[in-house]
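**Q** Add chains B and C to chain A, keeping to what the hints say.
Residue numbers (our numbering), protein chains in the order written: chain A, 1 to 500; chain B, 1 to 225; chain C, 1 to 315.
Hints may be right or wrong, so weigh each one.
Said to hold, decoys possible - In the SDA-like style, the derived pairs of lysine to any residue whose C-alpha atoms are separated by at most 25 Å in a straight line are:
hint : chain 1 : residue 1 : chain 2 : residue 2
1    : C       : Lys55     : C       : Pro222
2    : C       : Lys287    : B       : Thr210
3    : C       : Lys287    : B       : Arg98
4    : C       : Lys55     : C       : Gly41
5    : C       : Lys287    : B       : Arg94
6    : C       : Lys287    : C       : Arg61
7    : C       : Lys287    : B       : Asp33
8    : C       : Lys51     : C       : Val69
9    : C       : Lys287    : C       : Ala276
10   : C       : Lys287    : C       : Glu141
11   : C       : Lys51     : C       : Val15
12   : C       : Lys51     : C       : Gly221
13   : C       : Lys287    : C       : Val273
14   : C       : Lys287    : C       : Pro142
15   : C       : Lys55     : C       : Gln44
16   : C       : Lys287    : B       : Leu27
17   : C       : Lys287    : C       : Met128
18   : C       : Lys287    : B       : Ile40
19   : C       : Lys287    : B       : Pro123
20   : C       : Lys51     : C       : Arg61
21   : C       : Lys55     : C       : Leu224
22   : C       : Lys287    : C       : Glu213
23   : C       : Lys287    : B       : Val103
24   : C       : Lys51     : C       : Gly41
25   : C       : Lys287    : B       : Ala190
26   : C       : Lys287    : C       : Gly127
27   : C       : Lys51     : C       : Ala13
28   : C       : Lys51     : C       : Leu224
29   : C       : Lys287    : B       : Glu126
30   : C       : Lys55     : C       : Glu65
31   : C       : Lys51     : C       : Leu73
32   : C       : Lys287    : B       : Pro99
33   : C       : Lys287    : C       : Gly277
34   : C       : Lys287    : C       : Asn201
35   : C       : Lys287    : C       : Gly275
36   : C       : Lys287    : B       : Thr36
Stated by the list, open to error - Partner residues are not named here, just some residues of chain A that face chain B (Cβ under 7 Å, in silico):
hint : residue
37   : Ala25
38   : Ala160
39   : Val164
40   : Asn182
In short, the hints are calculated from the structure, not lab data. This structure is a prediction, so every number in the text was calculated from the model and none was measured. Even for Gly, the Cβ is constructed at its ideal location relative to N, Cα and C.
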Amino acid sequence: MTTPTLAALAIAPIAVPALTAAGCAVAGRRTAAAAGIGCAAAVLAVAAGLGAHVVAGGPVEVAGLRVDALSAFMLVVIGAVAMVAAIAAPAHVAAEVDAGRLAPSTARRQGVLVHAFLAAMAIAVLAADLGVLWVAVEATTIVTAFLVGQGRTRGAVEAAWKYVVICSTGIALALLGLVLLNHAAAHAPPGTGGHGLDWAGLVTAAPGLDPGVTRIAVVLLVLGFGAKAGLAPLHAWLPDAHSQAPAPVSALMSGVLLAVSFSAILRVKVIADAALGPGFVRALLLGAALVSLAVAASLLLAQRDYKRMLAYSSIEHMGLLALGAGIGGAAATAAVLLHVLGHGLVKSVAFVGAGRIAQLTGTSRIDRVRGLVATQPGLAAATGLAVLALLGLPPFSLFASEFAIVRAGLAGDGPAAGWAVVVALGLVVVIGAAMLRHTGRMLLGPAPDGPGAAAAPRRLPRSTAVAMAAGLLAAAVLGVTAGPLAELITHAARTLTGAP
Amino acid sequence: MEPVVMSPPAAALLDVAAGALLLTAVLVVWRRDLPTILRIFTAHGLALGALVGVLAWAQRSVELGLVTIGVLAVRGGLLPWLLRRALAGAGPARREVRPVVNVTASLLAVAALVLLAFSVSVPLVELGESPATRAVPVAVAVVLIGLLVLVTRRHTISQLVGFLLVDNGITAAGFLTTSGIGLVVEVGVALDVLLAVLVLQVLAGRIRDTFGDVDLGELRELRDR
Amino acid sequence: MSALGVAGGVLQAVVIVGGAPLLLGLMRQVRARLEGRAGPGVGQPWRDLRKLVRKQSISPRGTTEVFRVAPVLLVAMTLVVAVVAPLVTTASAVPPVADLFVVVALLAHATVVIALAGLDSGTAFGGMGASREVTVLALVEPTALVAIFALSVPTGSTSLPTIVGTALDDPQRLISPASLLAAVALAAVIVAETGRLPVDNPSTHLELTMIHEAMVLEYAGPDLALVELGSAMRLSVYLGLFTSLFVPWGIATTATPLALALGVVALVVKVGVVGAGLAALEVFLAKLRLFRVPELLAGSFLLALLAVTTAYVLG
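Extracted from the complex, chain A is given alone in its bound form:
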């Protein structure tokens, strides 16, 4: 491919959502819905093209952007989850507007902000410079703040405030980390690599970085980006924000935003491993993983709100990602990437289902929802399958990735990873039991009788059904074979483990 084509391809994942955002500001609801699906399809297509190119010809740097296997893969994740959300969003918005909970102007604004959000995430995964990456991640906070607080209820406003304060502060810590990393890079021995915060340059220069300064910088970066990724100890915003945001937005935030932030941690890890040896970040990540899993387990046991249940499940899965990244090595890293995609797909399906349940029942409390299988068989089946997939049951890809992480941990060097995996497995079992019990109560059992019980239509809106089915199907296929993605994941894992 020629350089101008490549440049156009690299800019497209940013430009297309940005243009769609502008379009949503003027277009009608029907056009905007189509544009959303088109936008997601375009991002997916470009991601596929870039992925093929990168696998064949190595990383490309154009126009301040850097496309390597990891960024191409993250674009695939963004595109795939955006597709599920884009297909499901119009029906959700229409139902909200019909119910009078959403003003048409707010619905229009939601379209604009969601696509601006997508553009910011695309910048974050494509940026060559860690500083630009930081700016993009902080931009996602700003853009999504009003999406979280859209409801204007007490809960929504509270969630938005916590979200912006905790995420902005956490990410500010990451900025301090970047400043210190820049300090270390400026004093690296001359001739060892790039300049400033260019990621590739930092990776080459990493062995010459001052270990004392780099250590502080890495702690701050992991803590900061970890806040945005929903890792303990700065996870408190996540359940609030995910339970208050509109369902399609929750799907995007949980499915991609957390993962984009986590990919920043993965990139920092490459630098840190070269500068400090693998032990340091491993200890940090394993610690964060176990604390996140413990938090998720303890708060899931007596959970009363099914959206919050899904949010804590996101914390659990981010913990599993941290566990895999902490174990390190090509196999575990590849599993982590597969887990990112699988979790994105399945969690977005689950949130879409939860959003529909909330619209039908008017509550997000677990104990107010009963016997969905009897009243809403399609919705109940899709939601049930999504929760089963989240628990890591085959044939969904989460089973394969969790299995690979566990195997890598038990086979890996040093007893720390092995013990961490054992503890994590115990916590995952607790989480699984809790989620099964809560979901079972909601789905199974006789239909509740009472006023309004039979009023709701039994069938799902077609678009919602398509979105949920497509997401589940993709996750199931990924569980059997990753197909052409396998090559891309292998390359990305190689980029992240420093192997040539």
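**A** What follows is chains B and C alone, placed relative to chain A:
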């Protein structure tokens, strides 16, 4: 990067600016009435501007001189102005009535935090020692003090001030270590901070509208049990 | 024991004893003028002292020697500090005593002696005042020590003449953050120790608020005159020390008459200006509620601590 050679008077002025930065951060913790806190915060922004100005003068850098003007305008002018406007719209509560931790205890906590900042910053100072890097611990201390304000205050404006203290501290650290981290990133950072403050200001207004108060201790709508 | 030191010691004793009541008078006069009153004039404290000395000496029934000795000890300890501290000259009459720690300990002892006397009187007010004074002292003492430590870091010595001499040689050090922070902390210490606003109100006799006045309520006649003189001297010595440490210019470095005269004038002017400033500031201050005082003192302790750490870090 070549080491920055600094004349003794410039180094002394830098120390004074750094001292003012720390002192104003401490005063924010000390005082309770919000108009005073905002005045101190303005002084904090001006001290940050002075710090960058001294660096610009020491390095005879025109570019850094222009950045100084930008820092003074945003940190010493625009952001305090935004906060004052937010305070004017925040209703009658003009005092931090009952912080989560009382003032005496938080002052002692500040003392501990400063010691912590100075001890963790040892490797930062040792790498490329110069008058500028020797002031980095002050910037780190300001970041920690900002975090303390953020977690121990209940008024929305106080929390905003805490957030901005964190940010000013980071900016100071950036200029003291390497005189900045690239123009694109810096403009992006400044824009992000500004937007974050605007978003928080709007949210503060909504909190007042929905909760009838700007006391964040009232935010207990979302809990797990 | 140098000639400069001896000359300074004698001069300082005379200036402090003679000038302390005048300083008090000046501060009251400034305050009166700012409040729109004519004021009794600068010499009024001396006239009060003269009147008290002529009265008969009495002491309350049931008090012990502590009560009678305390005023003398107060004046004596303060006088020792006035003699040895570098106020007019940089040299000291008794150099080993001109150590920061010794000086602060002497001044604190004077407070303790008066507190003991307050307890000894056996009245409710005496005990209450003593308890309050000791509370404040307990909070002030660490601040004073830490602030002093910050000042001694750059010179590597706690000897007052050395610190003042170094500051004269290298005035740039005076605007270092460590020095500025220590100045603010010491200012808070002085305000608390000398019973000024906003910690204590020197002109109140309201039982709920007074601290210092409550302790000395039982004194009368010549004893009260000594207590008043001692308190005035404490204020002058503190302000003199403060100006010597942070504004050392004009202090005599040689034993020539001209330099000594200049030193005396400089001391009088500096202390007068600082005192007048303090009085002017007090017009705008209200007394802190007693339970807010720890807040103020915790703040000044923090500043002193910051002074030490920045002295080490920024150098």
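**Q** A separate judgement is required for each hint: does it hold in the structure or not?
**A** Hint check results:
no.	hint	result
1	C/Lys55 / C/Pro222	holds, 7 Å
2	C/Lys287 / B/Thr210	violated, 39 Å
3	C/Lys287 / B/Arg98	holds, 21 Å
4	C/Lys55 / C/Gly41	holds, 23 Å
5	C/Lys287 / B/Arg94	holds, 21 Å
6	C/Lys287 / C/Arg61	violated, 34 Å
7	C/Lys287 / B/Asp33	holds, 17 Å
8	C/Lys51 / C/Val69	holds, 21 Å
9	C/Lys287 / C/Ala276	holds, 18 Å
10	C/Lys287 / C/Glu141	holds, 21 Å
11	C/Lys51 / C/Val15	holds, 22 Å
12	C/Lys51 / C/Gly221	holds, 8 Å
13	C/Lys287 / C/Val273	holds, 23 Å
14	C/Lys287 / C/Pro142	holds, 23 Å
15	C/Lys55 / C/Gln44	holds, 17 Å
16	C/Lys287 / B/Leu27	holds, 19 Å
17	C/Lys287 / C/Met128	holds, 18 Å
18	C/Lys287 / B/Ile40	holds, 22 Å
19	C/Lys287 / B/Pro123	violated, 45 Å
20	C/Lys51 / C/Arg61	holds, 24 Å
21	C/Lys55 / C/Leu224	holds, 10 Å
22	C/Lys287 / C/Glu213	holds, 15 Å
23	C/Lys287 / B/Val103	holds, 18 Å
24	C/Lys51 / C/Gly41	holds, 16 Å
25	C/Lys287 / B/Ala190	violated, 43 Å
26	C/Lys287 / C/Gly127	holds, 21 Å
27	C/Lys51 / C/Ala13	holds, 23 Å
28	C/Lys51 / C/Leu224	holds, 11 Å
29	C/Lys287 / B/Glu126	violated, 46 Å
30	C/Lys55 / C/Glu65	holds, 20 Å
31	C/Lys51 / C/Leu73	holds, 22 Å
32	C/Lys287 / B/Pro99	holds, 23 Å
33	C/Lys287 / C/Gly277	holds, 17 Å
34	C/Lys287 / C/Asn201	holds, 7 Å
35	C/Lys287 / C/Gly275	holds, 18 Å
36	C/Lys287 / B/Thr36	holds, 19 Å
37	Ala25	violated, 18 Å
38	Ala160	holds, 5 Å
39	Val164	holds, 6 Å
40	Asn182	holds, 5 Å
Violated hints, listed in ascending order, are 2, 6, 19, 25, 29, 37; each of the other numbered hints is respected by the structure.
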